[in-house]
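Using the supplied hints, reconstruct the complex from the two chains, each of which is provided in its own coordinate frame.
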Amino acid sequence: MVIVGSGPAGLTAAIYTARANLAPLVVEGEPSSTSDQPGGQLMLTTEVENYPGFIDGIMGPELMTSFRAQAARFGAILKTEKATKVDLSSRPFGVWVGDPTAPEPTYTAGALIIATGARSLMLGVPGEDKLLGHGLSTCATCDGFFFRGHEIAVVGGGDSAVEEATFLTKFADKVTIVHRRKELRASKIMQDRAFKNPKISFLWDTVVTEVLGDNSLSGVRVRNVVTNEESELGVTGLFVAIGHAPNTALFAGQLEMDENGYLITHDGTNTNVEGVFACGDVQDHVYRQAITAAGSGCMAAIDAERWLEAQQA
Amino acid sequence: MAANIVNLSDATFDEEVKGSEVPVLVDFWAEWCGPCKMVSPILEEIASENPERIRVAKLNIDDNLETARRFEVMSIPTMILFKDGDVQTRIVGAKGKGQLLQDLAAYL
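If you read the sequences in order, they're chains H and W.
Mapping of the first sequence onto numbering that gives the first Met the number 0: position 190 corresponds to residue 189, and the numbering continues sequentially without gaps.
Mapping of the second sequence onto numbering that gives the first Met the number 0: position 95 corresponds to residue 94, and the numbering continues sequentially without gaps.
One chain only, chain W, in its complex shape (with noise of 0.2 Å):
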């Protein structure tokens, strides 16, 4: 994985995501997920690419399913900003990465 992404648990989710200066975009993925494959290496690039406006972290739903209870995940991969703790949007299955910088464009 990237050096740029960093990676979540139920342990430290709050601290990471309330913490953060600029907004944090959560993947929620696992193993197993298709699409979430296929979109990993897109979030790779916009983190890499956007240092100063976003963070790209990611939390694996089979070891925290606590935290994807909470956000009501039921379909992955779903990626949810988060701006001072407070969740700004969610983004439900994979997209393209010119789809994915449009529907973050009015939140960063």
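Bound conformation, chain H alone (with noise of 0.2 Å):
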């Protein structure tokens, strides 16, 4: 049993396969601050609030550390590597750590389970490179200390948007959410908080179009959508959280997608090939929460292992 990707759907899904006595080995990715990485999206999240049974909330890295143990003290092995390659053509599937050309795979797997979740979107937009960690961030936990003082701008206006912005002005001194549409997308609680905090201000309709500054940010060049008019935001800090893309690169031609790339299950967790499941972020752009990945890794884990019982029989 191999398990690809370590959020709260591969962790969960390590849980429940090791405490079924099948060793599942885990490749939970490397570290990184702008894609996926060990542990997932709630690395760079600071409070949860919503999972259950933390009365007072946990902080995201925190959550996760307990996941892995949870997982490691059940047998589960743990690999900080990055899979680079999976081949799905046969059984037992071949996956891929280090080098893609290999002529073995690193590891075989009579079932997998994938749990690669989903990544941020960046802009795309001139400038976006050069001043990343100069002024431009996606981590706003990691980076909102340098900022103290600062104004500062977010793009985006779903959860993670409005959450790093409302967790900012704990730092800057004004935070203007960035927003391409004039309504957000946040749940009602998040914009409650938004709307009430003094510091926070919106800029509605409209989207950057480039990032300015030689050695470091000094401001974004913005256009309104409706009226088309340009303007420049004179900010020195701008944090990233437009929307997520799943990881899913690794699998194409090999497992079927839907057209934004999110991977298609039947039937619980079952993907396109017979042995092979998915949970979590990776097949699911509706929910994406913690508690909802946790729940289909759970599935994933109970699907693979009636699954495997049943070859045996």
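Hints were generated in silico from the structure; no laboratory data involved.
Hints may be right or wrong, so weigh each one.
Claimed, not checked - Below, simulated PhoX-like cross-link-like pairs (lysine-lysine); rule was C-alpha separation at most 20 Å, straight line: (1) Lys82/W x Lys36/W; (2) Lys96/W x Lys78/H; (3) Lys17/W x Lys36/W; (4) Lys36/W x Lys78/H; (5) Lys84/H x Lys96/W; (6) Lys169/H x Lys195/H.
Stated by the list, open to error - Listing some non-contacts, in silico: residues in chain H with all C-beta distances to chain W over 10 Å: (7) Met256; (8) Val285; (9) Gly294.
Claimed, not checked - Derived, one-sided and incomplete: chain W residues facing chain H with beta-carbon distance under 10 Å: (10) Trp31; (11) Pro34; (12) Asp61; (13) Leu64; (14) Met73; (15) Ser74; (16) Ile75; (17) Thr77; (18) Ala93; (19) Gly97; (20) Leu99.
For every residue, glycine included, the Cβ atom is placed at its ideal position computed from N, Cα and C.
Put into structure tokens, the structure is as follows:
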């Protein structure tokens, strides 16, 4: 049993399959600040207030450290490596880490659970690559500290954007939320918090077209999508939270995906390849919560366990 | 913390970094930074596997903001490699061991 991915879905699948004596091996990924990483997206968050069982909330990284320790306690083997190739054409399935051109896979699996999750999207505008880490950030919890007293902007209108903006008011003097529509997509409670916060203002119907600055960010060029009017926003920090894309490049041509690249599952967590199961954000663009990811990780573990039993019968 | 990692402060930074015979990789970090925690054990491994070629040091930016400002650190983890006290390269953001070693290889 091999599990690729180590967010709430992958580690819940690891806990369940380890307890079923399936000796799961978890390819948990490699550290990164900008893309997928061990522990998943919660590693880049602060307080998680809606995960049941924690009355006063819990820090995202702390929650994932507990998930990992719990999986390890039941014998899951955790490898801090990134999968670079998979071969699902025959069983046992092959999983490569490191050199994807190696003739033999690093690991083979009788059953495979895919929980590679989703990563934050970047803006894809000029100046972005150059100024990442120099005023442009993808991790408010990591970098908010450096913007004490600054005027900054957050791009996006979903829960993560509004949560980041609210968090950043602890440091910044003023936070402008730049959103391409004229209303937020974030949950009601997050919206109310943001509207009540005197440090937060909004720039509606607006997109960022360029990130400005030489050695550090000195402003952003924005365009109103209704009037097409361009202007410059004088901020020294920009945080990007514009949505997510599934980490499925690895499975192109082997597993069925929808038009946005999310894996398609049927009858629980089955993919189109028998013996390959998918759980968490990699197959869910609707709910995308820690608790739903964990729930589907449990489903994948049970589906995989039953499938393996049926194979041996 | 591993014995082979040095903890720096604003007060000791220059002495430790300039006085080192081998290049020093300084990890700018903080307690509240998730990716810093991911990178920390990797740096300990690199330090213990390459004692002749590199020293690894850590600077807590909460307690030593002056030094972080001096090197214009605006995102953590940031890792800066110094040789004879001069900046050789800077690595921004958490990375895996293979990538870190590759980024450092040219300077060691």
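Tested hints:
1. Lys82/W x Lys36/W: Since the Cα atoms of Lys82/W and Lys36/W sit roughly 25 Å apart, the hinted pair is violated (cutoff 20 Å).
2. Lys96/W x Lys78/H: holds (13 Å)
3. Lys17/W x Lys36/W: violated (26 Å)
4. Lys36/W x Lys78/H: holds (16 Å)
5. Lys84/H x Lys96/W: holds (19 Å)
6. Lys169/H x Lys195/H: It holds: about 14 Å lies between the C-alpha atoms, which stays within 20 Å.
7. Met256: Fine: 26 Å to the nearest Cβ keeps Met256/H off the interface.
8. Val285: At about 26 Å from chain W, Val285/H clears the 10 Å cut-off, so the statement holds.
9. Gly294: holds (23 Å)
10. Trp31: holds (7 Å)
11. Pro34: holds (5 Å)
12. Asp61: holds (8 Å)
13. Leu64: holds (9 Å)
14. Met73: Since chain H brings a Cβ to about 5 Å from Met73/W, closer than 10 Å, the hint holds.
15. Ser74: Hint holds; Ser74/W Cβ to chain H Cβ min 4 Å, cut 10 Å.
16. Ile75: The hint holds - Ile75/W has a Cβ within 10 Å of chain H, the shortest such distance being about 6 Å.
17. Thr77: holds (7 Å)
18. Ala93: Hint holds; Ala93/W Cβ to chain H Cβ min 4 Å, cut 10 Å.
19. Gly97: With a minimum Cβ separation of about 7 Å from chain H (threshold 10 Å), the hint on Gly97/W holds.
20. Leu99: Constraint on Leu99/W satisfied, holds at 9 Å.
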